[in-house]
Amino acid sequence: MVEWTEFEKTTIQDIFSKMNYEVVGPQALARCLIVYPWTQRYFGKFGNLYNAAAIMGNPMVAAHGTVVLHGLDRAVKNMDNIKATYAELSVLHSEKLHVDPDNFRLLADCLTVVVAGQLGASFTPEVQAAFQKFIAVVISALGKQYH
Amino acid sequence: MLSNTEKELIVQIWDKMIPVAEEIGSEALLRMFTTFPKTKTYFSHLDISASSEHLRCHGKKIVQALADGARNISTLATTLAPLSRFHAYQLRIHPTNFKLFNHCIIVTLACHMGDNFTPVAHAAIDKFLSAFSAVLAEKFR
Numbered sequence: 088m089v090e091w092t093e094f095e096k097t098t099i100q101d102i103f104s105k106m107n108y109e110v111v112g113p114q115a116l117a118r119c120l121i122v123y124p125w126t127q128r129y130f131g132k133f134g135n136l137y138n139a140a141a142i143m144g145n146p147m148v149a150a151h152g153t154v155v156l157h158g159l160d161r162a163v164k165n166m167d168n169i170k171a172t173y174a175e176l177s178v179l180h181s182e183k184l185h186v187d188p189d190n191f192r193l194l195a196d197c198l199t200v201v202v203a204g205q206l207g208a209s210f211t212p213e214v215q216a217a218f219q220k221f222i223a224v225v226i227s228a229l230g231k232q233y234h
Numbered sequence: 003m004l005s006n007t008e009k010e011l012i013v014q015i016w017d018k019m020i021p022v023a024e025e026i027g028s029e030a031l032l033r034m035f036t037t038f039p040k041t042k043t044y045f046s047h048l049d050i051s052a053s054s055e056h057l058r059c060h061g062k063k064i065v066q067a068l069a070d071g072a073r074n075i076s077t078l079a080t081t082l083a084p085l086s087r088f089h090a091y092q093l094r095i096h097p098t099n100f101k102l103f104n105h106c107i108i109v110t111l112a113c114h115m116g117d118n119f120t121p122v123a124h125a126a127i128d129k130f131l132s133a134f135s136a137v138l139a140e141k142f143r
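In order, the protein sequence lines correspond to chains L and Y.
The end of the first sequence is residue 234 by the numbering used here, with every number in the run present.
The end of the second sequence is residue 143 by the numbering used here, with every number in the run present.
Next up, chain L with everything else stripped away, as it sits in the complex (with noise of 0.2 Å):
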């Protein structure tokens, strides 16, 4: 089981307590298929997906990107037990949606970068630190029913 400190907690819960789900999920989506565009792999049915623009405007990225911060609340509500909580979606991406796991750190590192953005000088290290620590917690979960 993850042990996290005090500090650890309140700056998950405060970061996510802040967060516009409806803005960084799209933001952090559209980043990492602009960024990394073998991600794009996975969303063959989101129609165009050409340019940083056209990506930055598609409705079905910005839906799927809310999507994705919405099933990231569960781990933020169920910290002390993230492994049992996420089971049956790490199932989902590996049976069903077949993504690789490395990808997992790639739109991690986007949806960090959009938070730093957003928090500017109050994303410290030490916060970072705290934040980075929760998605590999995350991201390790996520992995855990491939076989």
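Treat the hints as calculated values from the structure; they're not laboratory data.
Built from N, CA and C at the ideal position, the CB exists for glycine as well.
Where hints are given, some of them may not hold.
Only some residues are given here: those of chain Y computed to face chain L with a beta carbon under 8 Å [said to hold, decoys possible]:
#1 S5
#2 T36
#3 I108
#4 V109
#5 A112
#6 C113
#7 G116
#8 F119
#9 V122
#10 A125
#11 A136
#12 E140
Keeping the supplied structure of chain L fixed, place chain Y upon it in accordance with the hints.
Frame of chain L, contents of chain Y only:
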């Protein structure tokens, strides 16, 4: 593969970083040491606590080298040859650490540039930093 627009964008961004090289460089390093503590193992000979002289001096050197690379993107291998030898034969940093540091540079830029660190700028910088680290790691074996 960097387009001409991306090369210009990269030069523009790094030119803005030169006057604050110490601040940006030391912040990126501090982010890396805090988020990925194993990276501190390469700095046991320096005082890398927040705002230390060593941290600021080292951060400044790194940002200046990056700005230099940005202005000479088409000749990165030649421009960085001395740094490349240094990283291969003296520093011998495990190559995965380049990615960790590049990520922290990007987070630092995002914090300082906010909305101006657009996805397109992010992509260009990410590609540039990957190319830069590839040259630094070129002579490893």
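Hint check:
| no. | hint | result |
| --- | --- | --- |
| 1 | S5 | violated (12 Å) |
| 2 | T36 | holds (4 Å) |
| 3 | I108 | holds (6 Å) |
| 4 | V109 | holds (5 Å) |
| 5 | A112 | holds (4 Å) |
| 6 | C113 | holds (5 Å) |
| 7 | G116 | holds (5 Å) |
| 8 | F119 | holds (6 Å) |
| 9 | V122 | holds (5 Å) |
| 10 | A125 | holds (4 Å) |
| 11 | A136 | violated (17 Å) |
| 12 | E140 | violated (23 Å) |
Checked against the numbered hints given earlier, the structure breaks hints 1, 11, 12 and satisfies all the rest.
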